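Undergrad: Each chain is listed here by its residues.
Number of protein chains: 2
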Amino acid sequence: MEALEQRICQEGRILPGHIIKVDGFLNHQVDTKFLAELADEFAKHFDISRATKILTAEASGIALAAICSYKYGIPMVFAKKAKSDNIEGGLYMSEIFSYTYKKKVTLICAKDWITADDKVFIVDDFMANGEAMRGLLDIVGQAGAELIGIGCAIEKGFQHGGDKIREDGYPLKSLAIIEKADETGFEFRKQ
Amino acid sequence: MEALEQRICQEGRILPGHIIKVDGFLNHQVDTKFLAELADEFAKHFDISRATKILTAEASGIALAAICSYKYGIPMVFAKKAKSDNIEGGLYMSEIFSYTYKKKVTLICAKDWITADDKVFIVDDFMANGEAMRGLLDIVGQAGAELIGIGCAIEKGFQHGGDKIREDGYPLKSLAIIEKADETGFEFRKQ
Chain F
456 MEALEQRICQ
466 EGRILPGHII
476 KVDGFLNHQV
486 DTKFLAELAD
496 EFAKHFDISR
506 ATKILTAEAS
516 GIALAAICSY
526 KYGIPMVFAK
536 KAKSDNIEGG
546 LYMSEIFSYT
556 YKKKVTLICA
566 KDWITADDKV
576 FIVDDFMANG
586 EAMRGLLDIV
596 GQAGAELIGI
606 GCAIEKGFQH
616 GGDKIREDGY
626 PLKSLAIIEK
636 ADETGFEFRK
646 Q
Chain U
456 MEALEQRICQ
466 EGRILPGHII
476 KVDGFLNHQV
486 DTKFLAELAD
496 EFAKHFDISR
506 ATKILTAEAS
516 GIALAAICSY
526 KYGIPMVFAK
536 KAKSDNIEGG
546 LYMSEIFSYT
556 YKKKVTLICA
566 KDWITADDKV
576 FIVDDFMANG
586 EAMRGLLDIV
596 GQAGAELIGI
606 GCAIEKGFQH
616 GGDKIREDGY
626 PLKSLAIIEK
636 ADETGFEFRK
646 Q
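Protein sequence lines correspond, in order, to chains F and U.
In terms of our numbering, the first sequence opens at residue 456 and continues consecutively.
In terms of our numbering, the second sequence opens at residue 456 and continues consecutively.
None of these hints come from the bench; they were simulated from the model.
Treat each hint with caution, since some may be false.
No distinction is drawn between identical chains; accordingly, a pair holds when it is met within one copy or between any pair of copies.
With a Cα cut of at most 27 Å, we get these calculated DSS-like pairs of lysine-lysine [said to hold, decoys possible]:
hint, residue 1, residue 2
1, K566, K476
2, K645, K557
3, K488, K566
4, K559, K628
5, K574, K476
6, K557, K499
7, K476, K619
8, K619, K559
9, K536, K557
10, K476, K557
11, K536, K628
12, K574, K536
13, K635, K645
All values reported here derive from a predicted model rather than from experimental measurement.
Go ahead and model the full structure; you've got the sequences and the hints to work with.
TA: Here is the structure:
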């Protein structure tokens with residue numbers, strides 16, 4: 456998606472450890488009008504009209520998922536990272552390794568909110584090694600729900616998490632895939 | 456707001472430790488169409504047209520703030536809970552005690568995204584002792600920004616965090632204030 460690639464080039468910054476910061480419009484300050492354009496773009500690639508739920512992971516996926524949910528007219532569910540005493544039994548759980556936090560975290564989702572009757576569209580803002588996405592796919596699988604597709608805003612192509620998910624046969628569409636990010640700037644995969 | 460009080464009565468559950476769960480529409484599964492009604496309600500109480508930024512705290516405030524941001528046509532910023540190595544210098548920081556997690560957490564916000572020129576509308580989904588709200592007010596103060604108002608969906612009136620914020624002169628509007636929650640059901644403050 457050209458508008459997203461342009462925005463990454465204009466506003467993105469590269470930190471040591473291949474960390475790409477787009478926190479001016481995606482995951483700290485959030486331009487929700489622009490997120491609505493991303494939501495419209497996902498809808499060109501998947502039959503969203505069949506979806507009954509949007510699923511994402513806290514925290515930074517929530518804004519994009521909320522805008523998708525509002526635009527598509529279906530509820531969203533965000534899987535939580537286990538830590539709160541606010542959540543009791545009846546949970547799907549999936550252990551993942553968080554690249555951001557450099558440790559294992561458990562994604563949890565109440566069984567009440569994703570069931571075998573659901574048709575789930577998974578959304579996330581960012582994918583590096585794809586661990587969070589694997590956790591969300593695991594939750595959809597545990598629920599016995601149908602997967603409509605996976606929409607990701609920005610994929611770090613050089614970390615290959617997305618490629619492995621595609622190789623496993625999942626319908627993943629990332630709106631921008633960064634192949635290279637260094638002092639010379641960003642390079643994107645042709646799609 | 457009657458529609459919100461009704462929804463709490465119909466779907467809310469009360470757990471030991473005065474924990475109120477509304478995770479079917481507000482903070483796990485999220486009914487974003489309903490959140491848009493809450494956003495419209497806030498706009499009756501505050502001059503949102505003057506606001507330049509919505510500010511909330513991760514994680515569960517993000518969905519409501521995203522919908523407010525989209526409806527009002529201004530960006531949102533979510534303060535993060537310090538833990539990630541994804542955030543460098545140039546930060547506002549405010550230490551708060553999290554009722555949910557029973558420990559101190561530091562709210563952080565990059566100085567880039569809230570400045571002295573901003574007019575900030577603070578939004579959160581839930582208020583118990585008001586600690587997170589204090590942290591957000593602290594960030595607005597550190598930035599030297601103007602506070603337009605504070606909109607909260609559900610306030611636990613019996614924990615008095617909101618009352619103290621009002622006593623301190625801040626313009627806080629909670630759309631439902633729960634005064635009592637026990638086996639007989641919910642009671643709300645008349646507003």
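Undergrad: Return the numbers of the hints above that this structure violates; sort them in rising order.
TA: Violated hints: 2, 6; rest satisfied.
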